[in-house]
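A.B. asks: Let's have the full structure, built from the sequences with the hints guiding it.
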Amino acid sequence: MKKIIISFLFLSLVVSAEAQRAIYAVGSAVPGESQELEKFADGTFHFHGTLQPGDLFLTTTSILRSTSLCYAPKYEDANIVNDGIPYTSARGNSSSLAWKVLFSADNYRFVLDPSSTTVRGELFEWWYEAWIVGGCVAPDQTDGWDLEKAEPMYQSINDPYVWTWRGLLKNYSGNVESKRFKILGQYGWNPKSLHPFTQDASILDATQVAYNYSHDYKWNLVQNGYYSITVNIFLETINATYLGTQKPDAVSSALASEPQIYASGRQVRVVSDRLLTATLCTLDGRQLVTESGTDLRLTAPSPGVYVVKTDQTSRKVLVR
Numbered sequence: 107m108k109k110i111i112i113s114f115l116f117l118s119l120v121v122s123a124e125a126q127r128a129i130y131a132v133g134s135a136v137p138g139e140s141q142e143l144e145k146f147a148d149g150t151f152h153f154h155g156t157l158q159p160g161d162l163f164l165t166t167t168s169i170l171r172s173t174s175l176c177y178a179p180k181y182e183d184a185n186i187v188n189d190g191i192p193y194t195s196a197r198g199n200s201s202s203l204a205w206k207v208l209f210s211a212d213n214y215r216f217v218l219d220p221s222s223t224t225v226r227g228e229l230f231e232w233w234y235e236a237w238i239v240g241g242c243v244a245p246d247q248t249d250g251w252d253l254e255k256a257e258p259m260y261q262s263i264n265d266p267y268v269w270t271w272r273g274l275l276k277n278y279s280g281n282v283e284s285k286r287f288k289i290l291g292q293y294g295w296n297p298k299s300l301h302p303f304t305q306d307a308s309i310l311d312a313t314q315v316a317y318n319y320s321h322d323y324k325w326n327l328v329q330n331g332y333y334s335i336t337v338n339i340f341l342e343t344i345n346a347t348y349l350g351t352q353k354p355d356a357v358s359s360a361l362a363s364e365p366q367i368y369a370s371g372r373q374v375r376v377v378s379d380r381l382l383t384a385t386l387c388t389l390d391g392r393q394l395v396t397e398s399g400t401d402l403r404l405t406a407p408s409p410g411v412y413v414v415k416t417d418q419t420s421r422k423v424l425v426r
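Sequential numbering from 107 applies to the sequence shown in the working numbering.
Since the hints were made in silico from the structure, they are not lab data. A couple of the hints might just be wrong.
[Said to hold, decoys possible] Computed Cβ-Cβ distance ranges for the label pairs, DEER-style: (1) 389 x 134: 43 to 49 angstroms; (2) 372 x 231: 20 to 26 angstroms; (3) 328 x 297: 37 to 43 angstroms; (4) 159 x 330: 22 to 28 angstroms.
Glycine included, every Cβ here is placed at the ideal spot set by N, Cα and C.
C.D. replies: Pasting the structure below:
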């Protein structure tokens, strides 16, 4: 009988977490002592921002009290940076209920997931590339989406977490999933990708992204035309604007920035909005291969660090 009562009480606490409208990060690790987590469309609670060394309580009250309901780590002294640690529900303000933060950083990101009763955290690193891919991005994808038809997004010079794409989205008849698209964090299908929380969500209504979602959901094209799409990969936000059916001048001028350089396997890809010449060099300056065009592929002879030189930039790349 006691086991049944204990199980019922624990289940009640778990359910209350799932139905909870607000959860706060509270404690000495939180600048200002308290910050509300953002609730996402799938019911998870997210934190993005700065933490400092100290205790971090996840609780239903903005001020920690002896009666506060806390979502505490199952294992004592668990670090908030982890691959997914179960939490338990308990009331109180004892330090044994706190998650630990060991050092200061501005790029902490963690998620409390009531459905799996876990907390997962990381020090988020910005991406070096982002691509928009899908049946409405380019024609001639009748046998499946073609990675070579993906289009690069452009990183903000003011915020490395912000990526923007402007261009034409169209329902190309005959394409596989001809009105759908998603966003990749590399010139490849894995490991990083962004999705909506529901299949065929309208891109014009989208505000949040699902990072590496368990479902391969895609956004749905509302109508043919030119769009501006901006994502903040750290804050997990997205915003899209419909620009009309006529190509705006801003599409070409806004994207006329320095070339984008990516490495995938032994191949280095250089993408530009204007004709350029790119050269792959060794670190001591020896030229290996030179190509001209707007979408170039330079093949490295072996793994290592190389330099890509164009008339606009010189950048090191790591080839694996």
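A.B. asks: Now tell me if each hint is right for this structure.
C.D. replies: Here is what the structure says about each hint:
A beta carbon spacing of about 45 angstroms between residue 389 and residue 134 agrees with the range 43 to 49 angstroms that was offered as a hint. For residue 372 and residue 231, the Cβ-Cβ distance of about 23 angstroms falls inside the hinted range of 20 to 26 angstroms, so the restraint holds. Distance hint for residue 328 and residue 297: a CB-CB separation of about 29 angstroms, inconsistent with the stated range 37 to 43 angstroms. A hinted range of 22 to 28 angstroms for the beta carbons of residue 159 and residue 330 is inconsistent with their spacing of about 53 angstroms.
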